[in-house]
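First to last, the sequence lines map onto chains A and B. Numbering-wise (the UniProt record's numbering), the first sequence opens with residue 1 and increments by one. Numbering-wise (the UniProt record's numbering), the second sequence opens with residue 1 and increments by one.
Think of the hints as simulated: they come from the structure by calculation, not from any bench. Note that the structure is a prediction, hence the values are computed from the model and not measured. Possibly wrong hints are sitting among the right ones.
Said to hold, decoys possible - With the C-beta cut set under 8 Å, the calculated list includes, among others, these residues of chain A facing chain B: (1) A120; (2) V121; (3) Q174; (4) L179; (5) E181; (6) A182; (7) E184; (8) A185; (9) F186; (10) G187; (11) T188; (12) P200; (13) R271; (14) L276; (15) D475; (16) V479.
Unchecked claim - Derived SDA-like pairs: lysine to any residue, alpha-carbon spacing no greater than 25 Å straight-line: (17) A:K177 / B:S158; (18) A:K177 / B:Q132; (19) A:K336 / A:L585.
Ideal Cβ positions, reconstructed from N, Cα and C, are used throughout, including at glycine.
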Amino acid sequence: MPRLNIGDWVDSGVDWLRLHLEWLFDAVSAVVTGMYDGIDAALSAPEPLLFAGVLAIAAWWLRGLLAGVLAFAGFALIDSIQLWDDAMSTLSLVLVATLVTLAIAVPLGVWASRSTTVSAVVRPVLDFMQTMPAMVYLIPGIIFFGVGVVPGIIATIVFALPPGVRMTELGIRQVDKELVEAAEAFGTTPRDTLFRVQLPLALPTIMAGVNQVIMLGLSMVVIAGMVGGGGLGGAVYRAIGNVDIGLGFEAGVSIVILAMYLDRMTGELGRQVSPLGRRAAARAVAASGRPRLRDYRPRPAVALTGAVVLALVAGGIGIFGTEKSGRPAGAADIGKGRQVTIGYIPWDEGIASTFLWKEVLERRGFEVETKQLEAGALYTGLAGGQLDFQTDGWLPVTHAQYWKKYGDRLEDLGSWYGPTSLELAVPSYVDGIDSLADLKGQSGKFKGRIIGIEPSAGMMGLLDDKVLDAYGLGDEYEVVDGSTPGMLAELKRAYQKKEPIVTTLWSPHWAYSTYDLKKLKDPEGAWGKGDGVHTIARKGFAADQPEISRWLKDFTMTEKQLTSLEALIQRAGTGEEQHAVRAWLKENPEVEGERPPRGGPPPRNGPPGGRPPGRGGPAPSGFRPPASPHRPPTCPPRAPAAPVRCAVCARPEPEAAYGETGPGRGAGRMDAKDGKDPKETERLRVGAAVRRRRRALDLTLAAVAERSGLSVPFLSQVENERARPSTRSLQRVADALETTVGRLVEASDAARTIAVVRAPADTEDDLVYARRTRRLVRGRHQLEALEFTGEYDTEGEFQHRNDEMMYVADGAVEVEAEGRAHRLGRGDTLFLSGGVRHRWRATVPETRLVVVTVADHIVETPADTTR
Amino acid sequence: MSRLQAEHLYKVFGRRPEEAIQRLEGGADRDELRAEGTTAAVVDASFTVEPGQIFVVMGLSGSGKSTLLRMLNGLLAPTSGRVLFDGQDLTALTGGELRAVRSRRISMVFQHFALFPHRSVRENAAYGLEVQGVPRAERDHRAAEALALAGLAGWEDSWPDELSGGMQQRVGLARALATDADLLLMDESFSALDPLIRRDMQDQLLQLQKTLKKTIVFITHDLNEAMRLGDRIAVMRDGRIVQLGSAEDILVTPADDYVASFTQDVDRSRVLTAGAIMADPETVLGEGPERRSAEDVLAAAPATVRADTPIIELFTPCSTGEAPVAVVDGTGALTGVVPRARLLAVLGEPMTPSSAPETGPPAAAAPAPVDRTPAPAPAEAEAKAVARA
């Protein structure tokens, strides 16, 4: 049997279409985008609760008082869980998709009902459209229409079209033949027969079709979220990516509320619109006797007036509301309103860096749009030029397939974080297994299974193709394909029952801090080197936006900066990312600012080569690899298909990247009790900090209650840590206490920290002299300490606000301070008071230098510190 | 001129209909064609309907009567043959012209009423006028008139689903009457009603017909209904018209066994009239010196009836004496006599052509078995007796 290369034909067909019908796709895209933007603008403009009122009145009119009340409650709930804007985007998406679908489906259904030939041709096409998995449409959708709402809407239309056509055809065919004949017998034209007899009588069935179209549309929003459709689908998709059950549930509930509202309203509208439905309703009323209050419905005129009044009020407020927002004042207007589109995969580090750049670029006068996408969609969008850049490219290994496919249409702006690593992990209670080699002959223990993730993920290909072979495990172990959430769930289950388990895992990953796991050593180096997190731009971006591209090339983040930003964003919740970034930037002003406002580079930026003052821009970082395009990966991916997910899931816990290990306790072992786990601190124990701060200001609970608008009992519970305040409430408390959320959080978690940072376990020769930086104090504290190993050179001058001390543990260092050189040898220390300009370099490869500084955020104003 | 004339109508469903017609004309059987997947619904149907006549097409289901009816207003195009309506060939008209004819001059009443459930009674009745483009006020007015004629005054604002079957069909009738069309096609219009209502509706139709004088083609599978309503009746079987004539013709001289089997269950005593079975007065006047005058006959007769009296009314008089019952015309002149023997003879089995004696008793009244010539003059048709028990 010869291999039919259907896939290749489709592939080249898609290319051909893209080349030759670009004008058509652009036109479709423009029309759909226009419709979406218009509807979205109209729906999002009003104050949420007022608009909820408008929707509730519609429900009251259509279905009665109870429905109205429930509708209001549902929409108020969406507003209160801060998913209103997402919900309105989703509603707009569904409405646009529904309108377009009906515009196509109803005429097609009418045609099919009149011609058996058309019906016979259309039916298999509809079957094809409906049963082909919707995901399959998305990638060609992106190629044709670019990322954003359009491919999502198109996929939704394709998916939702069949029931629309079928129900229309069915409805018309179901109309009593004698009625149609009667119409014809009285000389009715075919057109009038359609409009006066067939369509009115088919309307209930057609409306059932409309209902189905809407429901299918809603079911597609999650998939649309993967290609930048945003809205609730984006939130769900992000929640899945982050295994964020809470957000997933909230977004899911919002979708359910929308779905129920739309379902009930269209169902009832079907009855109201169709003459038959009105007849049935009238008969029901006549049969049920006297009307009851809960059945009372405002007359259409009354309902319309009410809705219009509310809408006017809502619109008015919305107009005033828009004046509030706008570019932050006082920012340098370099961008002059130029537009930049950033795409991101909803992983924590991607979200954090993307919104950081959004904020920074907006402050500098750019107009920034962010789009959340699935990884394949992200690269397709970049390659197609619909996106300008993304900050979450895992190269050279994890995203190798994308780089291979699209690398020639992309620019690599360098790594801003790294390295990462891939590994197999076992729980620490599994004795005697410390390295991949130890797995040999132990398959009975693990039932011969290695719990994997998505088969399309790069690391799975690597595992199958290289790692298992390298250790001769291929015959003993079966890699179980699945999903990242599935793997984590399996890990959790096994961990709780203390069963042996081997899973694929990667660093950074929060699982290492949640569970006591050990990474299996890889003496053969089969997993290859770790990735760096790269910023990837479309081809030509550097030429179009030289400033941004320069800034991006200079961008680095440390583990501490990244985790603190991620934690803030996670606490702030979806939709509040940028507020979190603002709060974070207030605390970390040095990250922003082309000219660091206080003239000092961040000491905790640790790696030498932070930002020398007075250069007008961040200096190139010392330990970053040159910003050159990556070569195709050394380990070709197993499957050519775009992976749903790369081998990285959730919160990067950068300590893992630095190999925080205890020598005697097995490689890769993490001790959650020792490590100051950001997840732990996230369980906000802000009560003590709030109380201290309140007492410092000499305020009573009642006074804070009055200032914050929160109740005294609630505040009391917060202080006693019996209640966990929401971000919103905490913001109010912070305002009332004349401080910021960040400071309160910081004060609270720092107050209890005891943290051990283990020495690195890997003592392989090639790593000893590697230049590396190790963070000795994790989290945000008054002291910061870094250990530098290898031949570092700061390549520029530092100037810190606070005091600094360095200790040479090994090797030799040459320090230049205020123009004078000092040679330090093993065991020497040097103290530098705040404000001293200095630079240093290690003069021998085996140098280890410990630098301890008082953190930059420590200033002398006593009121500022709550400790 | 006849109002409606069907000339050799054929309707064949299936492949190569033209070829099928040639074979039918060549004497092929309907069953032969069916074996090849071709259905001959109507085969060589010809008849004429005079203005003011009720022309009934009777046959069992599948006999092609509904297909025939639908060719009369162009809902179905004949495979071959012509339909002349007031001399105009409907089969030659374009779609638009045909619709114009249907909208103004031919209306139709359906078996299952075919009322539009999404329209009120008034809107249903006014539907034909709406299609014609009559302004709302006028069409509401005319619809109300039509409804009143059909006995539904005051029900204008009701909905079809609120009415009983009989009332719904009255709406259907009103809808057909409202356009003031000359020709009314009624497709088993009363079949779906229960017997009492059906009888009411038949009476009402006859009553209306007295004043409106429409030309009506009425389809039914019920011979009693056909006999009550029809001035002329066409009996169809397997797509062909097997007999065409008056009720008496069919009862008294059925064209074949098929028709005869139909007539078995008919209550002949209520359908047949004195005029249909009476003998010529000459047969009782005698010859020569014993010849009696008409006056003698009249004097001796136990009863004197009109030609349209159902024969059921003759039994009692006949039983009282030997003398025949006298039949007189409007002026009281003797037109015929019904002797006892004759009365009894017609109640027996209908005589089929094969079993009928050469000198069949009601020779004077017996028409040709199959009549393809135009029916009697309208005046005669109007005077025709129709039993109304």
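So, going through the hints one by one against the coordinates:
Interface restraint check for A120 of chain A: the shortest CB-CB distance to chain B comes to about 18 Å, outside 8 Å, so the restraint is violated. This hint is violated: V121 of chain A has a C-beta 22 Å from the nearest C-beta of chain B, more than the 8 Å allowed. The criterion of a C-beta within 8 Å of any C-beta in chain B is not met by Q174 of chain A, whose closest approach is roughly 13 Å, and the hint is violated. A distance limit of 8 Å between C-beta atoms decides the matter here; for L179 of chain A the minimum to chain B is near 5 Å, and the interface restraint holds.
A least Cβ separation of about 7 Å between E181 of chain A and chain B falls short of the 8 Å threshold, and the interface hint therefore holds. Restraint check, A182 of chain A versus chain B: the minimum CB separation of about 4 Å is within 8 Å; hint holds. A hinted interface residue such as E184 of chain A counts as satisfied when its beta carbon comes closer than 8 Å to some beta carbon of chain B; here the least separation is about 6 Å, so the hint holds. Satisfaction of the interface hint for A185 of chain A is found here, the shortest Cβ-Cβ separation to chain B being roughly 4 Å, below the 8 Å cut-off.
The criterion of a C-beta within 8 Å of any C-beta in chain B is met by F186 of chain A, whose closest approach is roughly 4 Å, and the hint holds. Checking G187 of chain A against chain B by beta carbon gives a least distance of about 3 Å; that is within 8 Å, so the hint holds. Checking T188 of chain A against chain B by beta carbon gives a least distance of about 5 Å; that is within 8 Å, so the hint holds. The criterion of a C-beta within 8 Å of any C-beta in chain B is met by P200 of chain A, whose closest approach is roughly 5 Å, and the hint holds.
The beta carbon of R271 of chain A comes no nearer than 13 Å to any beta carbon in chain B, farther than 8 Å, and the hint placing it at the interface is violated. The beta carbon of L276 of chain A comes within 5 Å of a beta carbon in chain B, closer than 8 Å, and the hint placing it at the interface holds. Taken as an interface hint, D475 of chain A does not check out: its beta carbon lies about 66 Å from the nearest beta carbon of chain B, beyond 8 Å. Violation of the interface hint for V479 of chain A is found here, the shortest Cβ-Cβ separation to chain B being roughly 61 Å, above the 8 Å cut-off.
With a C-alpha separation of about 24 Å, the suggested pair K177 of chain A and S158 of chain B falls inside the 25 Å cut-off, and the hint holds. For the hint pairing K177 of chain A with Q132 of chain B, the CA-to-CA distance comes to about 22 Å; that is within 25 Å, so the pair holds. At roughly 22 Å between alpha-carbon atoms, K336 of chain A and L585 of chain A fall within 25 Å of each other, so this suggested pair holds.
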